[in-house]
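**Q** Here is how the chains run, residue by residue.
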Amino acid sequence: DAGVIQSPRHEVTEMGQEVTLRCKPISGHNSLFWYRQTMMRGLELLIYFNNNVPIDDSGMPEDRFSAKMPNASFSTLKIQPSEPRDSAVYFCASKTLGYTEAFFGQGTRLTVV
Amino acid sequence: GESVGLHLPTLSVQEGDNSIINCAYSNSASDYFIWYKQESGKGPQFIIDIRSNMDKRQGQRVTVLLNKTVKHLSLQIAATQPGDSAVYFCAENRAGGGNKLTFGTGTQLKVEL
Chain A
81 DAGVIQSPRH EVTEMGQEVT LRCKPISGHN SLFWYRQTMM RGLELLIYFN
131 NNVPIDDSGM PEDRFSAKMP NASFSTLKIQ PSEPRDSAVY FCASKTLGYT
181 EAFFGQGTRL TVV
Chain B
26 GESVGLHLPT LSVQEGDNSI INCAYSNSAS DYFIWYKQES GKGPQFIIDI
76 RSNMDKRQGQ RVTVLLNKTV KHLSLQIAAT QPGDSAVYFC AENRAGGGNK
126 LTFGTGTQLK VEL
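Which chain is which? The protein sequence lines are A and B, in order. Numbers 81 to 193, taken from this note's numbering, label the letters of the first sequence in order. Numbers 26 to 138, taken from this note's numbering, label the letters of the second sequence in order.
Because the hints were derived from the structure by calculation, they are not lab data. Incorrect hints may have been included.
[Stated by the list, open to error] For lysine to any residue, the following SDA-like pairs were computed, each having C-alpha atoms within a straight-line distance of at most 20 Å:
id, chain 1, residue 1, chain 2, residue 2
1, B, LYS67, A, GLY83
2, B, LYS67, A, GLY122
3, B, LYS67, A, SER87
4, B, LYS67, A, LYS148
5, B, LYS67, A, PHE183
Here chain A stands alone, though its shape is the one from the complex (with noise of 0.2 Å):
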């Protein structure tokens, strides 16, 4: 397997334009997480899935953010309308239910301007 696939690697949008990250988890795997790490907050979980179903979006920042999982191998993060504070490294994981080893994709570096 490739592992977790983040895309794109790097984005840079303006101010007030709309971003969607996207993830593939590992095959097999029933859970799903995406974070944002930034030096201010560290690494922060954003929400998170069980068999692609929305279980805690509690660290989402604010309604300008939404994230899916249409199906289990796929999922998007989408900030619209962006701002310059969004700018981060988001991270998407995935793993096995009742397994602790989360596998970690290479990240999306997001620029906001």
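Add chain B to chain A, keeping to what the hints say.
**A** Using the frame of chain A, we list chain B on its own:
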């Protein structure tokens, strides 16, 4: 105004020495405690976990100790190598909380030759 970045604790050790990285946790309901390693430009990578009803677990060159009385977790790395230089995160997995996986602040380990 100027933003203040998260000040990561830093541990500097000589190559070949043993390293001890500490972590304090707050949630007694966690089922597992986990250590992750994050190298520059990469996503976090699983190192070792320990179940909440254990106090010690050993892996290859690593040992994790759990002290539930004072809510303290440590990671010991034997014979530290340059490749061990990274940021180390402790994490908590709550199966009862829907499989939530949350991360601590992190510690920067620098191995000096």
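**Q** Compare the structure with each hint and give your call.
**A** Outcome of the hint check:
| no. | hint | verdict |
| --- | --- | --- |
| 1 | B:LYS67 - A:GLY83 | holds (13 Å) |
| 2 | B:LYS67 - A:GLY122 | holds (14 Å) |
| 3 | B:LYS67 - A:SER87 | holds (14 Å) |
| 4 | B:LYS67 - A:LYS148 | violated (24 Å) |
| 5 | B:LYS67 - A:PHE183 | holds (11 Å) |
Checked against the numbered hints listed earlier, the structure breaks hint 4 alone; every other hint is satisfied.
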